[in-house]
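S.K.: So the sequence lines, in the order shown, correspond to chains F and H. Going by my numbering, the first sequence opens with residue 1, and the numbers climb by one from there. Going by my numbering, the second sequence opens with residue 332, and the numbers climb by one from there.
In short, the hints are calculated from the structure, not lab data.
Pairwise CB distance ranges, derived in the manner of DEER restraints:
{"#": "1", "chain 1": "F", "residue 1": "Pro313", "chain 2": "H", "residue 2": "Glu416", "range": "46 to 52 Å"}
{"#": "2", "chain 1": "F", "residue 1": "Arg285", "chain 2": "H", "residue 2": "Arg484", "range": "51 to 57 Å"}
{"#": "3", "chain 1": "F", "residue 1": "Tyr62", "chain 2": "H", "residue 2": "Ala475", "range": "28 to 34 Å"}
{"#": "4", "chain 1": "F", "residue 1": "Pro223", "chain 2": "H", "residue 2": "Gly417", "range": "41 to 47 Å"}
{"#": "5", "chain 1": "H", "residue 1": "His361", "chain 2": "F", "residue 2": "Ser185", "range": "38 to 44 Å"}
{"#": "6", "chain 1": "F", "residue 1": "Asp201", "chain 2": "H", "residue 2": "Asn466", "range": "47 to 53 Å"}
{"#": "7", "chain 1": "H", "residue 1": "Glu416", "chain 2": "F", "residue 2": "Gly225", "range": "43 to 49 Å"}
A virtual CB, placed ideally from N, CA and C, is assigned to each residue, including glycine.
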Amino acid sequence: MQPFDHVSATSAAAAVELLQQGGPSGARVIAGGTDLISLMRDRIQSPRLLVNILPAAAALRYLRFEADGALRVGALATLADIERDPHIAARLPILTQAVRDAATPQLRAMATAAGNLMQRPRCWYYRGEFPCWLKGGDECFARDGENKYHAIFGASPCVAVHPSDLAPVLVALDAELTIAGPGGSARTLPVERFFAPPTDDERIEYRLQPGEVVSEIRVPAQPAGARGAYVKVMDRQAWAFALVSVAAQLSERDGVVERARLALGGVANVPWRVAAVEDLLTGQRLTPALAAQAAERALENAHPLTHNGYKVPMARAAIRRALLAAAGQEE
Amino acid sequence: MPNAPSQSPDAAPTAAPHRTVHLTVNGIAHEIEVETRRTLLDALRADLHLTGAKPGCGMGDCGACTVLIEGEAVYSCLTLAVACEGRAITTIEGLSSSDGELDPVQSAFIAHDALQCGFCTPGQVLAMKALLARNPHPSDDEIARAMSGNLCRCGAYPKILAAGRALAGHPS
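Next comes chain H alone, as it looks inside the complex:
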């Protein structure tokens, strides 16, 4: 009975409930057993050893944990792994091709020196990726808005916007 509560009503859980979850991450199907309270971020990092998505604030303020679910940028720290049953997830590890060729967004970040420490960069790149998939030629305002959910404590914002402008086809 996968869809019935495993406890009798109002009984305190005796052990943390687990579930089996099926995820397709970067094109590869996975079946993992997780505690219901495991976040997608922790499942990616601890169960699948994909450490590109970063734990930052843990409360949806910083964007370091950004991944794509069905192409949409979301915060994996506020997403339960069990709620991702059957979903297709893209992390930073899935952007480059199998022969190591970088995604154009990654190349633009390098070309425009759009990072310092790099901690926020996987999330920044994926937020930009989601924007461009929806809107290949965003305006400056649209770029700034799309990137407003990702903080960078190094303050690389002007160069991140420059990378975005180049990707959008604006003259530098």
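The following block holds chain F by itself, in its conformation from the complex:
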């Protein structure tokens, strides 16, 4: 690890201020650090100033249901906090499912909800000693190289996939972020729009302006009777990133789907929302046949690489399973 300076912030506003002192590119917020320390150790990132935001836990580590049913997740709530919360298990079990199979107990105890959204891809070219495009190089080595864990959707020059389990679920729940910025400003942004595939100008999977700090994740009240399911396919039963994951959230009335959300993980640079399938499901009765049709539609535009064609049928199966589980039916 390169040397760096280290300061502590006791609030989001203090972190914003300290980030500005660190200069335009050299300062980073650190919370659980489970990803950032690895990146720094491998010298993939070498910030000159770390702003430790954990001392702001008194203000930013909470899980609260509002009177209207919305859930507010403080940026510093850990994945373990979410996993162990009985109210979330009862009212938003899809969120419990999302964190339960993420990483390991130790990592869940350290990793924060906001940090989880900002973790970088696990692509071995990005993590290894390759001057890959995402690190500022000219070429994505995975595109024609070892790409069995890589993307089947998207048009970014980078074919790494987003590793978060939380992200697709938050997209399916229409969650929003509150982001603190310079001068005491704050803005809200749908989680879906927080993510954007890396471009030549911004080689990163999320969009924060310099000096901004995520302070809260807000999950709006879901329609009465809404149900969801998160299906994560792994190559072993523990401590694995999703090969493919599916977050499905359905609201039904009289057996007919009124509103559907479907977001996939492990298939693109960002959580991959499939609006065409949401439209297909709306107004229909969810049957195994409709779930199968939805799964076909969702993968229609997939373009697998040389070694990840298996993800296409895997994603179809996971979508069928998630939709039927969300509708309270077993496949």
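Fit chain H to the given chain F structure using the hints.
M.R.: Frame of chain F; chain H shown alone:
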């Protein structure tokens, strides 16, 4: 000004910055001077000479470095020492009593032969300890899940689970 960057903005640090950190480790208060980039694992091993927590993968994959911070099992290789200011840390050295009597988790590991080389054992014991503190009677599935962040290359897993079952009060 402990909370202000010691460099002017965007100036390259001329020397690795240091900080004074206060830790309570196994009930004993310590004040140590560390480089900001020192991990908790290195601080425990090199500064406090507590070598029970082991360096394994160095990237949060293996669990050999597991310690308890405020009772929660974490990977000390991914934790900066400077981020532990004021925290209470338990390492394997802190589990047995001062007269040498072993913790029940340690005794169960011995009784069930739940180790071979022993390299991963301090981390395994502390992960089990954190589980039982939260959930004294875990199910088999809960034990397996709680231990999923600790690898054992000797493959002692069935016996580690057996130790966990005994501690949870399940018939063997």
